[in-house]
Amino acid sequence: DTTVKQNPRYKLARVGKPVNLICSQTMNHDTMYWYQKKPNQAPKLLLFYYDKILNREADTFEKFQSSRPNNSFCSLYIGSAGLEYSAMYLCASSQGERLFFGHGTKLSVL
Amino acid sequence: GQQVQQSPASLVLQEGENAELQCNFSSTATRLQWFYQRPGGSLVSLLYNPSGTKHTGRLTSTTVTKERRSSLHISSSQTTDSGTYFCAMELGLSGKLTFGEGTQVTVIS
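Sequence order for the protein chains is V and Z. Here the first sequence stands for residues 1 to 110, numbered as in the numbering used here. Here the second sequence stands for residues 1 to 109, numbered as in the numbering used here.
Careful: at least some of the hints might be erroneous.
[Stated by the list, open to error] Pairs of lysine-lysine, DSS-like flavour, derived with a Cα cap of 30 Å:
(1) 106/V / 66/Z
(2) 52/V / 96/Z
(3) 17/V / 38/V
(4) 106/V / 63/V
(5) 66/Z / 44/V
I should point out that these hints are in silico values taken from the structure, not numbers from a laboratory.
Kindly generate the complete structure, drawing on both the sequences and the hints.
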């Protein structure tokens, strides 16, 4: 099974409200990633976990939080959503080589 | 400058035509992978090709690491091939994959 699962598929959020997105994988991969994808742009890495170690990108450091309570699960947390957070959020996992992506969560902030 | 550059940015094909998409990168790269995205959809892995030539179906990828480039060849294009194609790779020892801007492909019948 090479499935990465994301919940929910679609999320509506109000400006200023928190958002929590969930990702899971059953491949026992050591690394899990969160990317943000906007139309006509390259996927942008937000952060990734290598085992229990969180690595956050410098330009999004303060905007996104994450937790990985066990090997299979990883969350992405936005404390206060802004309009600019509207995007597709893609979770991926790997074990050193290729990446496997989930279906994504489309977040719309109103 | 951009670390991963893809060309062309977009192209239009008549069904049945072939196409070659290019990916150039600025430094030592590993874990090179080609992805496909249908409009509004997720990223689907097409080929994992860190070096050499790999095939799957009508797709062929050739990566020449010392020249810092990779290509994706689509043969006998079909309308269902329409979408955006991304190359991504790990640059240096960053531990993460960096994506190019993508090539938007439109196949018309």
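Going through the earlier hints one by one, which of them does the structure break, listed in rising order? 1
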